[in-house]
Amino acid sequence: MAEAKTTTAFEPWTDPNAVPYIEIRNVTKKFGEFVAVDNVSLNIYKQELFCLLGGSGCGKTTLLRMLAGFEEPTSGQIFIDGQDMAGIAPYRRPVNMMFQSYALFPHMTVEHNVAFGLKQDNVPKGEIADRVAKILELVKLGSFGKRKPHQLSGGQRQRVALARALVKQPKLLLLDEPLGALDKKLRESTQFELMKIQDQLGVTFVVVTHDQEEAMTLSSRIGVMNHGRIIQTGTPTEIYEFPNSRFVADFVGTVNMFPGRIVDEDNDYVRIGCDEAACTIFINHGVAAPPNAELWVAVRPEKIHLTREAPADARDNCVRGTVDGIAYMGDMSIYNVRLDSGKMIKVTQPNLIRHSEDTITWDDRVFLHWHASSGVVLTL
Amino acid sequence: MSRAGYVPLGERMATASEPLLRTLVRLPLLRWFFNTLGRFAISGRGAVVLVPYAWLLLFFAIPFVIVLKISLADQVIAQPPYTALVQWTEDTYLQIKLNLGNYLFLVQDALYWKAYLNSVKIAFISAFVCLLIGYPMAYAMARAEESWRNVLLMLVVLPFWTSFLLRVYAWIGILNNTGLINNWLIAAGIIDEPITMIRTNFAVYIGIVYSYLPFMILPLYSTLEKLDNTLLEAAADLGCRPFEAFLTITLPLSMPGVVAGFSLVFIPALGEFVIPDLLGGKDSLMIGHVLWDEFFANRAWPVASAVAIAMLTLVLLLMAGQRKLEEKAETAA
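Those protein sequence lines, which keep their order, are chains L and U.
Sequential numbering of the first sequence, starting at 3, is according to this note's numbering.
Sequential numbering of the second sequence, starting at 90, is according to this note's numbering.
Same shape as in the complex, but just chain L:
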């Protein structure tokens, strides 16, 4: 990877000697003929916050349920802390789960809900009361202990569910769409709370989500899933800046995709011809692809510059177009630009100046250009 690495960073996955806490080996799960999880292998390390990201029906929840023990793999093995989980019932696993629907017991108060797991372990009564009070304090529900779930708001219920899963101090916490039902503000504050809790308690988290923003802010690593397979695993930066396929590039964030073929290449550069762009795309590193293969160049909207005048070097990575639409977002604006080939391109520009007579506006003829390191070459 191109980015610089500091030695203090928490990156056990780069250490070949690190022992994974969860080891998923060639796990497949079929429901009848339908393959929900297709030959997935994955290592997750202690104290990671790992996000399984994917659209609905991609198999992420099924994978999570197999970790919790609600589903048995059709084939393959799951190890948690070195122990094979085959045939081990959910109530014997060192794992707690926070359900998407929260699954709070409606006939019990908040306190009893949280104490439920401790009672199962025959923890002494005094200790149960202490731990329940402490964890409710942590999720800021100290005064809500005597209420029933139906007397709480969505956000409060979500925090009760989190407290109930955390109070047993599990080694591994599974969260199924933990922030799905919350509004935007609450979601952001809970995200940071989650990260803080993880820091304090040193729990390993596996989070399932379909929300890429949630995955980006929360996780140490992300596994992008599609059709039951893990397409790419990596840190949020790796996933965003170095996607390994068109699916990942398109699923995480917005992207402009140019199909093309290599016209000129060497060890340290490659030039790609693209009919839709009406220019050659220059990439400042070599690509491992057969000479005449079809490939795609992905360019993120924020990496494209928009100017009225032609840039100094307009040989590569420079296209002309007409502004078709502008969406003003406050901190930035999204420009829809129609290239002369008819292709629509999305460009985002930060609004650095409050007001200017000379801003690019509708129907302006513009040049779009980007740096030689901005394009990502995708062969899949």
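Any given hint could be a false lead.
Unchecked claim - Derived pair list, reagent style DMTMM-like, types lysine to aspartate or glutamate, alpha-carbon separation capped at 25 Å:
1. L/LYS127 - U/GLU314
2. L/LYS150 - U/GLU314
3. L/LYS348 - L/ASP201
4. L/LYS305 - L/ASP360
5. L/LYS150 - U/GLU333
6. L/LYS148 - U/GLU416
To be verified - Covered stretches of chain U, as calculated for chain L (at least 3 residues, CB under 8 Å):
7. 309–322
8. 332–345
The hints are simulated quantities; they were obtained by calculation from the structure and are not laboratory data.
The beta-carbon is built from N, C-alpha and C at its ideal position, and this holds for glycine as well.
Position chain U relative to chain L; hints supplied.
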């Protein structure tokens, strides 16, 4: 509406009937009717609500008042066989005579309160046995595969397609000394003498449990089916074994169904007449039978009415108790 397009029958009927309804509403008679209702501050909505109230008034409240009236009268040999409560005497005196003796009689004669007690005992035990048999059945149905559930539900309701009386008669043939069970047991060499089952309390319990079991299963099934399965998964996830999860999650959450099923069996079983009459013996005297005897054999309409009123009071009291229980179960759920 296009001529070429297909118009569903319902829509065609609605379109056709609209002018008819418009004229109907404008008819003098109906206008008078709605105006009169309006004068008593009864809107169209109120009129709809009025229907069940009118039904209850006609077929429950008025008969109840008549029975109450008879229960306070004296028995006479006449047509009808009871005295009037309100009478003109000496032209100017309006005499109201209330006879509380019938109720006193119910308390004094051991026959009556023993019959009441026996009814409560039989109804309670039957409802309890129904619960013991019905709960696992309802649970299994609710846990069955979705495509099977409607079939199983159908099978539970299926006995209703045959006359209740016929099904109780059939039990005579099964429980008789020369009936199905005894014949089999003797043929198999397990017993020499037939076991007496018919005309005992045992036969009454069998009859009531058999007949009322669906009323237990249906409300139980409907609460158990709605139970969120992820609650049980959450319990298991927190370290709870399946049986304990049943006791701490499933059972408390199905209490509304238990209370509803129990009262649906208990209350009708309390006044049961046919089953103890056909299958029961001397021990299984229930209040329904006492009432029948007073009314038809003794022609003691006032006493029979008093028996009926006392029983109604008992049922109302029990229902109030059940209501309380249900509210408690619901707030708990």
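Here is how each hint holds up against the structure:
no., hint, verdict
1, L/LYS127 - U/GLU314, "violated, 34 Å"
2, L/LYS150 - U/GLU314, "holds, 22 Å"
3, L/LYS348 - L/ASP201, "violated, 38 Å"
4, L/LYS305 - L/ASP360, "holds, 21 Å"
5, L/LYS150 - U/GLU333, "holds, 21 Å"
6, L/LYS148 - U/GLU416, "holds, 20 Å"
7, 309–322, "holds (count 4)"
8, 332–345, "holds (count 5)"
Checked against the numbered hints given earlier, the structure breaks hints 1, 3 and satisfies all the rest.
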